[in-house]
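Chains A and B are the protein sequences, given in the same order.
Number 96 in our numbering belongs to position 96 of the first sequence; there are no gaps in the numbering.
Number 62 in our numbering belongs to position 62 of the second sequence; there are no gaps in the numbering.
Hints may be right or wrong, so weigh each one.
Calculated pairs, BS3-like style, for lysine-lysine (alpha carbon to alpha carbon, straight line, at most 25 Å) [what the hints assert, rightly or not]:
hint, chain 1, residue 1, chain 2, residue 2
1, B, K15, B, K71
2, B, K11, A, K68
3, A, K97, B, K16
4, B, K62, B, K78
5, B, K62, B, K15
6, A, K68, B, K16
7, B, K15, B, K78
8, A, K1, A, K97
9, B, K15, A, K68
10, B, K62, B, K11
11, B, K71, B, K16
12, A, K42, A, K97
13, A, K68, A, K42
14, A, K1, B, K62
15, B, K78, B, K16
16, A, K68, A, K1
17, A, K97, B, K15
To be clear, the hints were calculated from the coordinates, so they are not data collected in a lab.
In this text the structure is predicted, and so the values were computed from the model without any measurement.
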Amino acid sequence: KQEVTQIPAALSVPEGENLVLNCSFTDSAIYNLQWFRQDPGKGLTSLLLIQSSQREQTSGRLNASLDKSSGRSTLYIAASQPGDSATYLCAVGDDYKLSFGAGTTVTVRA
Amino acid sequence: EAGVVQSPRYKIIEKKQPVAFWCNPISGHNTLYWYLQNLGQGPELLIRYENEEAVDDSQLPKDRFSAERLKGVDSTLKIQPAELGDSAVYLCASSSQGGTTRPDTQYFGPGTRLTVL
Numbered sequence: 001k002q003e004v005t006q007i008p009a010a011l012s013v014p015e016g017e018n019l020v021l022n023c024s025f026t027d028s029a030i031y032n033l034q035w036f037r038q039d040p041g042k043g044l045t046s047l048l049l050i051q052s053s054q055r056e057q058t059s060g061r062l063n064a065s066l067d068k069s070s071g072r073s074t075l076y077i078a079a080s081q082p083g084d085s086a087t088y089l090c091a092v093g094d095d096y097k098l099s100f101g102a103g104t105t106v107t108v109r110a
Numbered sequence: 001e002a003g004v005v006q007s008p009r010y011k012i013i014e015k016k017q018p019v020a021f022w023c024n025p026i027s028g029h030n031t032l033y034w035y036l037q038n039l040g041q042g043p044e045l046l047i048r049y050e051n052e053e054a055v056d057d058s059q060l061p062k063d064r065f066s067a068e069r070l071k072g073v074d075s076t077l078k079i080q081p082a083e084l085g086d087s088a089v090y091l092c093a094s095s096s097q098g099g100t101t102r103p104d105t106q107y108f109g110p111g112t113r114l115t116v117l
């Protein structure tokens with residue numbers, strides 16, 4: 001069974017600082033990895049999807065890397081803003097199924 | 001384009017009562033998922049539909065949970081009878097698999113927050 005771990009569980013930074021969120025998984029035989037954002041009381045919004053053959057994906061201030069052999073992915077958010085405050089979840093795709101981590105709750109202080 | 005629609009958004013019931021959740025996926029998405037999310041945890045898959053067929057219901061507690069997706073569009077998830085431990089957020093998601101075997105980007109609804117008293 002795929003186990004997905006996200007560290008840290010919570011993170012608080014001042015506005016403008018870069019964010020680094022970590023995700024690790026136990027089974028490297030994956031098809032893809034996705035990063036989601038979840039705001040309180042709302043559903044999940046997909047941020048980035050990295051196919052297993054890719055090393056990274058970028059979208060605006062977001063950059064996600066994937067090291068499948070070591071079972072790790074990192075989400076970088078540059079120049080954080082208060083609007084980036086949310087919970088960020090990592091999900092590993094095995095065939096049709098997504099296995100989620102518990103998330104990292106980010107607070108960006110103005 | 002409208003997103004995934006779920007109703008109700010909140011539901012409070014007493015234990016042993018039945019409850020039902022409804023989901024309308026994004027138009028044209030043939031794959032529909034129901035997830036359970038406990039507080040402080042990531043979502044866990046309950047059931048996956050390809051059109052009207054439940055192709056993965058291995059994590060669905062079939063003694064009290066049931067689901068259907070008539071005509072391959074809307075879906076309903078039911079719990080009968082509800083237990084205290086069923087208090088959680090129930091999320092619906094949809095995707096357009098396009099015949100591939102890889103999980104494509106899933107689009108999530110806002111969820112239904114269930115409280116069982």
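Each hint tested on the structure:
no.: 1; hint: B/K15 <-> B/K71; result: 31 Å, violated
no.: 2; hint: B/K11 <-> A/K68; result: 41 Å, violated
no.: 3; hint: A/K97 <-> B/K16; result: 31 Å, violated
no.: 4; hint: B/K62 <-> B/K78; result: 10 Å, holds
no.: 5; hint: B/K62 <-> B/K15; result: 18 Å, holds
no.: 6; hint: A/K68 <-> B/K16; result: 45 Å, violated
no.: 7; hint: B/K15 <-> B/K78; result: 14 Å, holds
no.: 8; hint: A/K1 <-> A/K97; result: 11 Å, holds
no.: 9; hint: B/K15 <-> A/K68; result: 44 Å, violated
no.: 10; hint: B/K62 <-> B/K11; result: 21 Å, holds
no.: 11; hint: B/K71 <-> B/K16; result: 30 Å, violated
no.: 12; hint: A/K42 <-> A/K97; result: 21 Å, holds
no.: 13; hint: A/K68 <-> A/K42; result: 30 Å, violated
no.: 14; hint: A/K1 <-> B/K62; result: 21 Å, holds
no.: 15; hint: B/K78 <-> B/K16; result: 13 Å, holds
no.: 16; hint: A/K68 <-> A/K1; result: 16 Å, holds
no.: 17; hint: A/K97 <-> B/K15; result: 31 Å, violated
Checked against the numbered hints above, the structure violates hints 1, 2, 3, 6, 9, 11, 13 and 17; every other hint is satisfied.
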